[in-house]
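**Student:** Sequence:
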Amino acid sequence: APRPLNNIVKATTNEQYIEMSGYHASEHVIIEGSGMITGGAPQDLAGISLGSSGYIYVYDGSIGGNGASKVIYNRLDSVISKALRILSECPCKSESGCPRCTYSYRCGNNNEYLHKDAAIEILNRIVEGDRTEIDDENANNLDRALV
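For what it's worth, the working numbering labels the leading residue of the sequence shown as 24, then goes sequentially.
Keep in mind the hints are simulated off the structure, nothing from the lab. You can take every hint at face value.
With beta-carbon atoms standing in for the labels, derived distance ranges:
#, residue 1, residue 2, range
1, Asp-100, Ile-157, 16 to 22 Å
2, Asn-132, Gly-88, 23 to 29 Å
3, Glu-135, Arg-98, 28 to 34 Å
4, Tyr-40, Arg-98, 28 to 34 Å
5, Gly-90, Pro-114, 30 to 36 Å
6, Ile-86, Cys-115, 33 to 39 Å
7, Asn-97, Gln-66, 18 to 24 Å
This one's a predicted model, so the numbers in the text were calculated from it and none came from an experiment. No residue lacks a Cβ here, since even glycine has one placed at the ideal position from N, Cα and C.
Input sequences plus hints: build the corresponding full structure.
**Tutor:** Written out as structure tokens, the structure is:
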């Protein structure tokens, strides 16, 4: 996922926190909002975002797999659009979001490190075609895995 570049990041003293939180929130809303597309439930999937690297992994949550992540892969444009709709239409004003948009009851980080506006920008930039390349520079940002 591309780095958020908006005024939120530029106005902060902790750019890395905003990036990590935006990727983590994006991961949550992709997983929690994908059920209508995969035909399954959010618990069919699991995910991890790797610090401020821009790497977000969504994978089958059951041993041996269930195919849900393959559906997401094949319909990624629809999944990203659905995630953006969830975030954009949620009326909450909280920086981190809320149970309707960014929170996950299964979050291994107790729904910390979430940033709704950064997630919206990240997902919008994905729709626009921006991507994070897997390279050595990004590998240095694998500082904190958020699940």
